[in-house]
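Residue numbers (our numbering), protein chains in the order written: chain A, 1 to 264; chain B, 1 to 357.
I should point out that these hints are in silico values taken from the structure, not numbers from a laboratory.
It is possible that part of the hints are untrue.
[Said to hold, decoys possible] With a straight-line Cα cutoff of 20 Å, these simulated DMTMM-like cross-link-like pairs (lysine to aspartate or glutamate) come out:
hint: 1; chain 1: A; residue 1: 125; chain 2: B; residue 2: 71
hint: 2; chain 1: A; residue 1: 25; chain 2: A; residue 2: 206
hint: 3; chain 1: A; residue 1: 125; chain 2: B; residue 2: 200
[As the list claims (entries may be wrong)] Partial list, derived from the structure: chain B residues whose beta carbon lies under 10 Å from chain A:
hint: 4; residue: 126
hint: 5; residue: 191
hint: 6; residue: 193
hint: 7; residue: 196
hint: 8; residue: 247
hint: 9; residue: 292
hint: 10; residue: 293
Since the structure is predicted, the reported quantities are computational estimates derived from the model, not experimental observations.
The beta carbon of each residue, even a glycine, is placed where N, CA and C say it ideally should be.
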Amino acid sequence: MITASDIQVRIAQKTILQGVNFTAKPGQVTAIVGPNGSGKTTLLRALTDEVPWTGRVQINGQDTSAYKPWELAAVRGVLPQAATLAFPFTVIEVVRMGLMSGIHGHNDTIAQRALDMVGLNGYEKRFFHELSGGEQQRAHLARALCQVWEPVQNGSPRWLLLDEPVASLDIGHQLLIMNCLAVFAQRGGGVVAVMHDLNLTAMVADVVTIIADGHAIARGPVADVFNDQTLSAAYKCDLRTNTVPTHPKAFILPQVARLSCSAV
Amino acid sequence: MTISDSISGIAAPSDRRSRARQAHIWLALLLGVVSVVSLATGPTGTSLWGAIAKLLAGEPLTAMERVVLWDIRMPRLILGITVGAALAVSGAVMQGLFRNPLADPGLVGVSAGAGLGAILAIVLGALLPVWAQDVAGNALVPIAAFMGGWLSTIILYRVSTRRGRTSVATMLLAGIALGALAGAVAGILVYMADDRQLRDLTFWGLGSLAGATWSKVLVAGPLIGLAVIASLFLGRGLNALALGEATAAHLGIPVQRLKSASILIVAAATGAAVAVSGGIGFIGIVVPHLLRLATGPDHETLLLNAALLGATLLLGADIISRLIIAPAELPIGIVTAVLGAPVFLWILLRRRGLVDL
């Protein structure tokens, strides 16, 4: 279980997040959505100590500050939005870095299977910096997957915290990655993902938190939270949720009728 | 998938790793060979082999042989090995810390800071009371050089790194400023120096192993040895740091501790090397770069290989510096610059994007 209470983030005298409460349960994919600049990435960064924050964050019942860095690394893998890489490492070398904090040591079989999972089989010896943006993102995800390879370890769940894990991927790879995450959750791990695409979120996430203007304005199962009023209010535009009879999950349709030509 | 496919599929990615590990052995052997050549080479015509034959036969060495082999060539050999390893390892560690292949103590003002510390100790050390001079003795110059290198590394890191990202432009420019400042203060001190100190400074500033003595070995050796051994434990951390500070932390690396340790190691190794051998350039940038080309950037193998190759190259350069205008000697800094500067330019040409200011 990840619980965060009363999270406040101020950067350069500006309040980015205010009084945000957040929970994520193992066995579920928990999505964080919201418009650009709402603070959804900042919330993930607070959960992962990348920005100074106040409040309380617990993972598996223990304050994150009470963990040693390597203990925390064994419990959660983090995928930042943009990760850079100095020096010409190959793909497999980058993915193996995910193994070094855990009990697996230099286990190339796990690194290999992680690459297979993200659809990068055959890329092992390619130079990381020669990959496309989407391929790099998937390689980083494979690294994070290696870090928490067994979703449950010694009876406690392990976590993936991901910032827009499918942002620069094509639709086929988006589905592949979201499926990886869903499987990780089904096997007892926990996934927290900042998401941009509402339809993908509706399809894969179990629980969603909507952040708008630095506040968590809605939390709960996707079916409850994704409704016309809440989404339209959060994104400040007219959105409709629909379902089709053959498919139980909702999809979100923007209402083009509200577009005006006032700018012309 | 056949069995051979699956085996090659798993074995192939580790190619660079096993090559890098084999390189430990080859480089150690090469260092051994060059060491023997270094002991056997010199203007006096004293024969290493003759002396060994005598020792094996149980005959006593002549005073000349003892002095040349034991008091001149042996400390010079050890100093060459330690200084070469120190320069290459501090280059590799600094490049890992700054996440940039152009970071080098010589280029970005750390050597200049260490040099300033050494000059301060040489000139102002004379002002200390006699008992303090006795206590500090030979250790004063290396310790001052270490402090100078340490301070410049910290200043450099603070100036050029924000939120875990180092700006190459800022780093190089800050290095130029630090180097200029250290040079200016050193210039003032040279004016204040008396004749004996001036001779010390000139001797020192040439960048040479010629002044090698056992006392220098005893002062610099342990400091450099500790720094090089400590650096071997940074490999995993520096690898993770290549992904950025935040990601390194997520991988379980205590980033602050890693950075402090790296800075201390760079300062100790550079400081001690500069204190005993003056400004020897380019080893720190060329050695890690060649190794990265040959065996990849993995710091877990790179650091030991850098120590071995740095020691080998510096000994090689020292042999050249002794032979090329024998019986006189060329300062070794000239040899490393003549050989190293073109390699450095070649790196710049190949990787122009890295210095896209």
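The hints, checked one at a time:
1. At roughly 51 Å between alpha-carbon atoms, residue 125 (chain A) and residue 71 (chain B) are farther apart than 20 Å, so this suggested pair is violated.
2. About 10 Å separates the Cα atoms of residue 25 (chain A) and residue 206 (chain A), which keeps this hinted pair within 20 Å; it holds.
3. A threshold of 20 Å between alpha carbons decides the hint, and for residue 125 (chain A) with residue 200 (chain B) the separation of about 53 Å lies outside it, so the pair is violated.
4. Because the beta carbon of residue 126 (chain B) sits about 45 Å from the nearest beta carbon in chain A, more than 10 Å, this interface hint is broken.
5. With its C-beta approaching chain A no nearer than about 42 Å, residue 191 (chain B) sits outside the 10 Å limit, and its interface hint is violated.
6. Because the closest C-beta pair between residue 193 (chain B) and chain A is about 42 Å apart, greater than 10 Å, the hint is violated.
7. Nearest Cβ of chain A to the Cβ of residue 196 (chain B): about 47 Å, over the 10 Å cut. The hint is violated.
8. Checking residue 247 (chain B) against chain A by beta carbon gives a least distance of about 6 Å; that is within 10 Å, so the hint holds.
9. Hint status for residue 292 (chain B) relative to chain A: holds, with the closest Cβ pair at about 7 Å, below 10 Å.
10. The interface hint given for residue 293 (chain B) holds, since its Cβ lies 9 Å from the closest Cβ of chain A, which is under the 10 Å cut-off.
Checked against the numbered hints given earlier, the structure breaks hints 1, 3, 4, 5, 6 and 7 and satisfies all the rest.
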